[in-house]
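Engineer: Given the coordinates of chain A, work out where chains B, C and D should sit on it, guided by the hints.
Top to bottom, those sequences are chains A, B, C and D.
To convert, count from 1 in the first sequence and add 1; that's this note's numbering.
To convert, count from 1 in the second sequence and add 1; that's this note's numbering.
To convert, count from 1 in the third sequence and add 1; that's this note's numbering.
To convert, count from 1 in the fourth sequence and add 1; that's this note's numbering.
No incorrect hints appear here.
For chains that are exact copies, the list does not tell them apart, and a pair is met inside one copy or across any two.
In silico PhoX-like links for lysine-lysine, alpha-carbon gap of 25 Å or less: (1) Lys46 <-> Lys196; (2) Lys261 <-> Lys55; (3) Lys78 <-> Lys55; (4) Lys262 <-> Lys196; (5) Lys196 <-> Lys71; (6) Lys71 <-> Lys55; (7) Lys71 <-> Lys46.
Just so you know, these hints were derived from the structure itself, not from any lab.
There are 4 protein chains.
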Amino acid sequence: MVVVMHPGADEAQIEQVIEFLNDDGFGVHRTTGVSQSVLCAVGVKRDFDVRRVKVLDGVADVYRVTEPYKFASRTWKQENTTFEVDGVTVGGNEVLVIAGPCSVESEEQMEQTAAHIAAHGATFLRGGAFKPRTSPYSFQGLGEDGLKYQRAAADRHGLRVITEVMEIGQIDLIGKYTDVFQVGARNMQNFNLLKELGRSEIPVFLKRGPSSTIDEWLMAAEYVMSQGNPHLILCERGIRTFETYTRNTLDLSAVPVVKKKSHLPIFVDPSHGTGIRGKVLPMARAAVAAGADGLMVEVHPDPPSALSDGPQSLYFEQFDALMQQIRLIANALDRTIRVPAEAAA
Amino acid sequence: MVVVMHPGADEAQIEQVIEFLNDDGFGVHRTTGVSQSVLCAVGVKRDFDVRRVKVLDGVADVYRVTEPYKFASRTWKQENTTFEVDGVTVGGNEVLVIAGPCSVESEEQMEQTAAHIAAHGATFLRGGAFKPRTSPYSFQGLGEDGLKYQRAAADRHGLRVITEVMEIGQIDLIGKYTDVFQVGARNMQNFNLLKELGRSEIPVFLKRGPSSTIDEWLMAAEYVMSQGNPHLILCERGIRTFETYTRNTLDLSAVPVVKKKSHLPIFVDPSHGTGIRGKVLPMARAAVAAGADGLMVEVHPDPPSALSDGPQSLYFEQFDALMQQIRLIANALDRTIRVPAEAAA
Amino acid sequence: MVVVMHPGADEAQIEQVIEFLNDDGFGVHRTTGVSQSVLCAVGVKRDFDVRRVKVLDGVADVYRVTEPYKFASRTWKQENTTFEVDGVTVGGNEVLVIAGPCSVESEEQMEQTAAHIAAHGATFLRGGAFKPRTSPYSFQGLGEDGLKYQRAAADRHGLRVITEVMEIGQIDLIGKYTDVFQVGARNMQNFNLLKELGRSEIPVFLKRGPSSTIDEWLMAAEYVMSQGNPHLILCERGIRTFETYTRNTLDLSAVPVVKKKSHLPIFVDPSHGTGIRGKVLPMARAAVAAGADGLMVEVHPDPPSALSDGPQSLYFEQFDALMQQIRLIANALDRTIRVPAEAAA
Amino acid sequence: MVVVMHPGADEAQIEQVIEFLNDDGFGVHRTTGVSQSVLCAVGVKRDFDVRRVKVLDGVADVYRVTEPYKFASRTWKQENTTFEVDGVTVGGNEVLVIAGPCSVESEEQMEQTAAHIAAHGATFLRGGAFKPRTSPYSFQGLGEDGLKYQRAAADRHGLRVITEVMEIGQIDLIGKYTDVFQVGARNMQNFNLLKELGRSEIPVFLKRGPSSTIDEWLMAAEYVMSQGNPHLILCERGIRTFETYTRNTLDLSAVPVVKKKSHLPIFVDPSHGTGIRGKVLPMARAAVAAGADGLMVEVHPDPPSALSDGPQSLYFEQFDALMQQIRLIANALDRTIRVPAEAAA
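In isolation and in its complexed conformation, chain A is listed as follows:
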């Protein structure tokens, strides 16, 4: 921690700050500059609230030196994290595609979707069984039946399952059916949920909150990792800004920033990131070009009749075009996107 004293701070104030820091277990190194003093507090305390020092008399500013997270940081682990989910490597050279509808609506919808996306190179089937909707008057999901339809369809087509868990009470049930737990953007700082998931052995897909900084996001990842679960995927899905043409502003710069600060794989969700079907394809290409390790895309057999998020769901033929185009982009960067046997034939 670095404490910058006000130019007008007097010796008594400086000594009081030093004493305060000593009392909290920090060693202090003082630099007397031309116009003001700087105190370097030595000692690592990740949970120290720097504002406690900021309010002391004569203090102008306080900077945290140690990152507030440890396990999520590239300092702690320098090589990229990769792990297997049923034979597919997350975080490796292959760019992975997660696809499927917003909500699981029926057995047939799952079957059609799984068959189609698998045939075009996706490796994960998404679909929500419990839907947190902004309106209490909207469709709220099929529950366990939805999970069964999703699991069965995925198994028939060699896909893995990812589904959202919204509260601690759902972990056991969902854990019976899914390969990856998704934590939605609104739950990114549901710390109790994160801690419980940290005790699971199932990987966690952690979406960035719409008003969360990258540091807060990595801090949320730390909650999961600090409990022992190292299998985490980060997912950028747009932040809230003043621009309203798109539902959110997809922050693709987060991809290279996270790659530098953390060893964790990072995916991008251009469907929620834009909220408009017609913007999904260009932003999917851009995400892969920026270096994303994977995409999460909403696809539906019949978007106009989707029970939720239809307007941002791709038609099957749009999805096929997307796969083709991002494959070209990935190849240009020496990365791969799988070509299924039948497609390759």
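Structural biologist: Positioned in the frame of chain A, the structure of chains B, C and D alone reads:
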């Protein structure tokens, strides 16, 4: 719903949109303007996703006419909502003050705080027993013991209790001790929690999420009210912006905006809204001047040793100054802030 | 400047950074912490781009210690800046009110407005002669005629004139008529204009840019002051956020923040800050309660027929109510707002 | 314009609104819905301030139907705008690269840069002669000498010149040397400057303001076009958000949004958009993948000694890597980036 067609839209496209609207049960009224057509869809469907129409061919824009919420709206109920909590009227002419520490830390801390704030005109004692902290390495609250200390101290000094509930599983336990459930900013869109609280008879204090629009906030209130609980207090506590001097930007314009759009009482939390002790007093005055029905303020017997949020907690003497000053402001606006018997004597 | 090295930085990298800092004329003081090193660079260089150090190998973060501005800072001048404009003290105990229409439209409009606002306690008459409008198809102002109408009306009623200058070429002309130059929000970082105004002897009223941090705003003030003009008034008028009910989000926390960081007087413009007539009164009260030294308010004899900004302009009777209410608030804080002779009689 | 009446609005209020609209020359078409009335006002008035209707009694909301701009809109001109600048087609299938330093610093710097970038496929040389810096204590540019160095170096290497014009007084001088006028982000709403440039025959490169919506940006373009200059290039360069790792948040979704709403070519500036050298390459790739028609990139022969923006300027070898990688991306999308003769050889 109003559908604006593109200037270049042809008859076939316009008819297709009309058919789509009819199929969904809307009557349609068409206006052909100088350069483009406008379709007014008649029929109220609060949960209709307008983006479903926005993606149709030839559509330029779609505007929702009916507000997405009903019970929370001033249209539905024109007079201000007021209700009693143990003899104190919320939403009336008296400006109420909720005060206390961020976390319940000990029996003595609760007693000292309750005695002090009651003697200066506060009517509610705050204090968290379960703390959702951004760092997994920080103090996480005393749990049920904390609730007991808070209840006992409040009772000894004629105060009401408000405490945060973070997940459905805590409702029964906390409900045994509290007079008002607080829903924290990060949980504003935890819709399952909101629905459960909507089935309770205990009033709900709903903080605005840091990246939530006023409409989304009222929509969250709707979740509670749609389940039958009409006793709701809204609380502005700062939104996230690019300015970083203050932790959040306290959006005081939200006070008159909410007063116009809704009948619900609105409070302001200048402690979280600024994150800095020294800014709490001026922003508390400003909140009352803007028309707030109450304040929530963090106070601690010894802020430097507080286990959480010490830097934004007031010292007792600062709290006394705050009460004095906001009383003058309230009086200038013909509102009151109570003067306790002993203080009045 | 404080340079934080990466935990993994090696000796060679640390030495290279020290050398770089020495070459740029900084003394360096090194602290070796538990996990990483911190370098304190001694020497004041206000225009040093800290990113030059941030990109060096092994550097994790760089913090500027010295504020980038000097004359605008409370460090440089501890007592509040006050100055006289034709017998009225700016920045003193009296809360000043600037009022008038967005645009000067006619001689009669100026006369009516000046007569009315003077009779209710305003001291400055506003009104734009050259209008920078967002649409090229809108009214663009009366030019020099407007300035003449404004000056004459102000003189007849004992008011001072404030008017906006939009480019260097207008300084001489406007300087012949005005008592204070207003720099609009969109010009806050028009550095050439600021420098020219810094060479004038006429005070400058500097509005905050809608996406400018407080630091950037004080930096803009520095441009004026560094050229010799110490007579500056800052004016908060709303920042751009994701909330769209109000045109901008009025950042009233900026009032106490600026009061702490700078000695300059700070005003608030609730008309532009909200963009809606009905929100001007509560936000005006809140601004005074937050500690503002003055207000700028749009008033028009007939708002519906105003050529610009009618919807945010107050009717005369609304202005009178505003003056009455803010006078009560100011008095509650031991500040004054003048009561004109006739009104007092 | 569509006017939505409040559910509680009475007949008198509705008639008053209709009368107001008629008086302003609009025809009105009324739809009486289940709970409220909607008025469609027929007639095109691009400069009508819809807030004038919004403040009328009984009005709930007002929506502008006609876009506020005309010439900039895809409605007015459906095919993409392309134009030639000295033999290079802007807005065509070739993705163009503008490169060079932030400031022109010397004859040699211009020569080295021009030689290098031309040899790797850039077509425009950038470089500022008049520098609007945030600090009055920083380097302010070489003025006309800078323009001469830039022109001469560009001519020697077959490049075109683009340089920033900051005020009306500079147009003539800069116009003698440049092929394209750049309008900086801070000047995006300097409407007088835009109008003057609209009377020029030299193309204009219009950067998006950091807090400007896409609509405001297109409105700024309208200012130029309404005066007769159709040769405009838009450039996304990052918007201000709460995220601080990057200087701005590069809004790449703006590329497909602008492509849909306007016929104008759109470029991206990843150097200002991120503010960090190490993030320029991935974001340049992403911009091309998103569909940008060109890039503007800062390059410097010796970034650490650059007089401005060194930390975001690429080294020559980084620029070469960038050209190679974006060429692969462009090719994957069937677009081209030129390979200079010598490079191709």
